[in-house]
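Peer 1: Build the complex from these two chains, which are given one at a time in their own frames, with help from the hints.
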Amino acid sequence: MSPRVFVPRDSGALSLGAESVARGITEEAARRGIDVAVVRNGSRGLYWLEPLVEVEIGDTRVAYGPVHTQDLPSLFDAAFLQGGAHVLSHGPTAQIAYLARQQRLTCPRVGLIDPVDVADYERCEGFAGLRRALSMRPEEIVREVADSGLRGRGGAAFPTGTKWRTVLEQAAPQKYIACNADEGDSGTFADRMLMEGDPLSLIEGMIIAGFAVGATRGYIYLRAEYPHAHRTLLEAIAAARAAGYLGTDIKGSERDFELEVRVGAGAYICGEETSMLESLEGRRGEVRVRPPLPAVKGLFGMPTAVNNVVSLATVPVILARGAAFYRDYGVGQSRGTLPVQLAGNLRRGGLVELAFGPSLRELLYDFGGGSASGRPLRAVQVGGPLGAYLPESQFDTPLDYEALAGIGALLGHGGVVAFDDTVDMARMARFAMRFCAHESCGKCTPCRIGSTRGAELIDRIILGQERERNLRTLVDLCETMQHGSLCGLGGMTPFPVRSALEHFPEDFGAARAH
Amino acid sequence: MTAHDDTMRERIDSIVAAHAARPGPLLEVLHEVQRDFGHVPPAAIPQIARGLNLSRAEVHGVVTFYHHFRSTPPGRHRLQICRAESCQAMQGDALAAHAERRLGVRFGETTSDGGCTLEAVYCLGNCACSPAIFIDDTPHGRVTPERLDELLGDFVAAAD
Numbered sequence: 001m002s003p004r005v006f007v008p009r010d011s012g013a014l015s016l017g018a019e020s021v022a023r024g025i026t027e028e029a030a031r032r033g034i035d036v037a038v039v040r041n042g043s044r045g046l047y048w049l050e051p052l053v054e055v056e057i058g059d060t061r062v063a064y065g066p067v068h069t070q071d072l073p074s075l076f077d078a079a080f081l082q083g084g085a086h087v088l089s090h091g092p093t094a095q096i097a098y099l100a101r102q103q104r105l106t107c108p109r110v111g112l113i114d115p116v117d118v119a120d121y122e123r124c125e126g127f128a129g130l131r132r133a134l135s136m137r138p139e140e141i142v143r144e145v146a147d148s149g150l151r152g153r154g155g156a157a158f159p160t161g162t163k164w165r166t167v168l169e170q171a172a173p174q175k176y177i178a179c180n181a182d183e184g185d186s187g188t189f190a191d192r193m194l195m196e197g198d199p200l201s202l203i204e205g206m207i208i209a210g211f212a213v214g215a216t217r218g219y220i221y222l223r224a225e226y227p228h229a230h231r232t233l234l235e236a237i238a239a240a241r242a243a244g245y246l247g248t249d250i251k252g253s254e255r256d257f258e259l260e261v262r263v264g265a266g267a268y269i270c271g272e273e274t275s276m277l278e279s280l281e282g283r284r285g286e287v288r289v290r291p292p293l294p295a296v297k298g299l300f301g302m303p304t305a306v307n308n309v310v311s312l313a314t315v316p317v318i319l320a321r322g323a324a325f326y327r328d329y330g331v332g333q334s335r336g337t338l339p340v341q342l343a344g345n346l347r348r349g350g351l352v353e354l355a356f357g358p359s360l361r362e363l364l365y366d367f368g369g370g371s372a373s374g375r376p377l378r379a380v381q382v383g384g385p386l387g388a389y390l391p392e393s394q395f396d397t398p399l400d401y402e403a404l405a406g407i408g409a410l411l412g413h414g415g416v417v418a419f420d421d422t423v424d425m426a427r428m429a430r431f432a433m434r435f436c437a438h439e440s441c442g443k444c445t446p447c448r449i450g451s452t453r454g455a456e457l458i459d460r461i462i463l464g465q466e467r468e469r470n471l472r473t474l475v476d477l478c479e480t481m482q483h484g485s486l487c488g489l490g491g492m493t494p495f496p497v498r499s500a501l502e503h504f505p506e507d508f509g510a511a512r513a514h
Numbered sequence: 001m002t003a004h005d006d007t008m009r010e011r012i013d014s015i016v017a018a019h020a021a022r023p024g025p026l027l028e029v030l031h032e033v034q035r036d037f038g039h040v041p042p043a044a045i046p047q048i049a050r051g052l053n054l055s056r057a058e059v060h061g062v063v064t065f066y067h068h069f070r071s072t073p074p075g076r077h078r079l080q081i082c083r084a085e086s087c088q089a090m091q092g093d094a095l096a097a098h099a100e101r102r103l104g105v106r107f108g109e110t111t112s113d114g115g116c117t118l119e120a121v122y123c124l125g126n127c128a129c130s131p132a133i134f135i136d137d138t139p140h141g142r143v144t145p146e147r148l149d150e151l152l153g154d155f156v157a158a159a160d
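So the protein lines, in turn, are chains A and B. For the first sequence, position 208 (counting from the first letter as 1) is numbered 208 according to our numbering, and the numbering increases by one without interruption. For the second sequence, position 9 (counting from the first letter as 1) is numbered 9 according to our numbering, and the numbering increases by one without interruption.
Calculated directly from the structure, the hints in this document are not laboratory data. There could be a bad hint or two in this list.
As the list claims (entries may be wrong) - Calculated lysine to any residue pairs in the SDA-like style (CA-CA distance at most 25 Å, straight line):
hint, chain 1, residue 1, chain 2, residue 2
1, A, LYS297, A, ALA265
2, A, LYS443, B, ALA120
3, A, LYS297, A, ALA171
4, A, LYS297, B, LEU52
With the rest of the complex left out, here is chain B (with noise of 0.2 Å):
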């Protein structure tokens, strides 16, 4: 048991205590797990369940169940890419595919600098301002292959 380890550990526990009074606090308990940890660490899984008094399969069947979880440590930065229609209607494909290539990633996985993340997201609700992304915390519209590059440009080498 490292330090590191108990650390967790009691991060954890006080978020679960901190939830476990409210109706249906699984979801609000994750949330917050991963904004402090970057994502549900697998080994918080019993932890969790304990102390909501669920099951592990319950608590691992919610992680899984939505797209938002993850269950490993993103990179440093997220970029996530609209896929849905109204991107696709203004080039949201030759994008994503340009992101690709850029970042020498799929998407749902992290450079191997640990530089960036890249998601497919199914609609940011700017779709008058297609194709959307948001890198980070922050949206933008209207983004082009250049404009993805400039933007990309302060935290990322490019991979070739």
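In isolation and in its complexed conformation, chain A is listed as follows (with noise of 0.2 Å):
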């Protein structure tokens, strides 16, 4: 058999060069007479050396990276096809700090196997979950996952099995699993990784729930800024459906399970559930008035269990080993593990799930690694463009959902963005008014006006104009926000604009205190 090099088709990886690499090294190897199988897997998540390459060594992964088109003869001159030494080994793939270091229950295979190939997700307990699920009645999947502890890693962490449950009990002609899977956040890319490197575990993932609650039929609503994940999802669908794990009667089980998946259009309301809702069902996503829940009435009027990516692809290694293995993981009410999403300007970005409770500190430098430029970090992003800014007098704070809510904070989907002390923070919080007055759906006035005139207040604080009221006028404008806002976009953008004024009031122009 010839020896089998992986090199990423995430789209992280193809930004740095991936494919020319992956070409590159099927032709060396033809120019050389060598056989070699170029298998293109997704990213491990270690965005500072990608391209990664890693060469297939018996059991042992043996890693290469970062790796470009012209550092390919000297690779194949120094024999890394046999893992032989060179400048860019990172010795074995599996023995690298930040990699050995993580707890990946949810993205074990991310990077790992082809994420299309039926055969290469089984050997590595692939589809073990929807077999046990096979042999259990509704209630009892549904108790099994709210017996986990898992909540909703979108970033509202509500409790995955009391919304199953809503579901599972009401009484309609048909019910639907709709996978939110409209990634905007900044900072966020988990949802991208796991759908472009193990897309299988998220299929399982919907199949489980649609068992557990009784829906036929499930839709991915995924964003238009993820053409790779789209491509590869499709792929998938179509090996599993192959495989028999899709369609009617699966594996004999008298079960069907339909799936479907459906392109956002650039609006990052459609994150919000009920707005994805009305888009999947094509109209404008405008926010819906809840109650009914969409667990109650959903998806074309119907019970609908909506769920992130990383939630329903948590799911099947739930079943497989249970609720207890799972809980185990993690600290409080904040259960398992999360896949932590490392950006912005940092030496080492990249994907590291962990069990809750690491400090963003950890996080920041003991992976991260600290500022890419050198510079000293500032402020933190956590949570996306709706999570609060921490100075680093926060950066001690514990990554759990109830230790960020004390500090007026939050985790959303796992975004981590660190900004050097170059970051000018009120500049930031206009930021932040601005995109949601680019992105509100404008349902609701708090939001649709609000964040217009908020974002006009700061330029006004910033010029220096009437300063001491405006300021006074933004903090009011900010409660009207967060308490009259129909959603969590109007909401919660008084979130990094009132952290920004709190933790960096010198950007305002504040007297320093020093």
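Peer 2: Dropping the structure here:
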């Protein structure tokens, strides 16, 4: 068998040249008369090493990176196909500290397997959760997920089991599973990595969800900005169908599940679940007034379980290994693991899946390696554009839902965006308001008008016009938006604004304390 | 009525027919129209509305709600630059300003030779490799102004 070389098809790796590296390896090998099989895997999430090329030697994979096409002749000269020493070698991939220290329960296969190869997936515990679910009654599956303590990883952190129970209890001619893959938060890419690197785990999670709540149809609402994830998902769905995991009478169970991908159209608001449902129905993505909850009256008026990609992709391991196994990870009410995404100004950005509870400092420095620019880190935005900005004095906060809520922040979808000391926090606060104005669906006034007025107020504060009065008005406006908006967009835009004001007043023209 | 108009009508009819029976088909139809024509021609809206049993206002409302749908033809190439927080943390604003200068257009505009449309996008999901861009369907990460010039060099003449 020819030696296997892994070159990611992950779009992050592609953005750094992985496609030409994959092609280059095939060409160089042909030139040298060497047999080689290039496998296109997902990314391990070590983005500072991408394109990361791995060579399989027995049971071990040896990592080389970042590899560019001009490195290929020297890699072949160094016999990298036999794991030869080279300046770009990092030794066995599994022993790279960044990876070795992680607890990958949701993402163990991302970067490891061929994402659209069902057999590869099955060799790595794939479909083990589904096989167990096939022998369980719906309420047993729901109880297993409830007992695991899994909470919605999209950001709202609502207990998944509770949501599923509500859907299960509804009597309806049709129910749906709607996967929210509209990963719009800056600083987040775990959904994308899963869909590009291990889409079968999402598909398996959706099938199990369907069995649990009695839904026979699923939709993945995928953002338009993810064309590579789209292609990989379609390939994976076709492969799953061919292997008998989708369609009618799945694996002789007399249960059915059909799955379809629908592509969004560049609206951040469609990550809000009711707006996503409107969009799935082919309408403007305007937020719906709740109640009724989507679990009662969701897609096309039917009971619908709306879950994020990470939540659904975590379901297979919970079923395969049991609720207790998953629940044993984590702290307090935050059970299990969270795939944290390190982004922005960090030396080593990437995916770090850990049990809940590590400090922000540990992630920023031990994993992230500090700033990419070499300057001191000054502010970190956790949880996307609607998350609070945290100053250095709060870097010891543990990453769990309650600890962050305790300091007026939120964990959201687990994105961490770091800024060095060149950041102007008044500009970031203004950006938060502008972004809200740009993305507001327009249905409620605090969000639609408040965001534009908020940006204007911050402009005046920056210019020093009636500073005190405008600051008071801004705080008052934030109150109105927070409590008067229909959904999280208007309701949470005040988080980045107020945290910037609170922690970085000097950027808003306040006299410096020293 | 030109032959071109007839071709467009036929094509849109077939797109609408292919999707009409599916639940909530409008976005799917608009995506396919835009894939074929580069934009959603305003003249197509009444036809799409009739085909899907919607009002023209509903179709127009959807086309204008979503940033992705355009009502005018784009340039031959599309440069999308992420303007969101992670890319801002890595000099994305400087890259954006450089792109505007280099192309001689503002965001949302197309160069006068029709070569390139410059679009702002809010997150490409490549935040560990900021600043991130797409040129047509190809992603590029950690893009400096110099790198952008190299990438654009192939098809964009300098504006000045």
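Peer 1: Does the alpha-carbon distance linking A/LYS443 and B/ALA120 stay inside the 25 Å limit?
Peer 2: holds (24 Å)
Peer 1: Assess, step by step, whether the Cα of A/LYS297 is no farther than 25 Å from the Cα of A/ALA265, and give holds or violated.
Peer 2: holds (24 Å)
Peer 1: Take a quick look at whether A/LYS297 and A/ALA171 sit within 25 Å of each other, Cα to Cα.
Peer 2: holds (11 Å)
Peer 1: Just to be careful, I want the Cα atoms of A/LYS297 and B/LEU52 compared with a cutoff of 25 Å; is the pair within it?
Peer 2: Given that 25 Å is the threshold and the Cα spacing comes to 24 Å, the pair holds.
Hint check: no violations occur; every hint is consistent with the structure.
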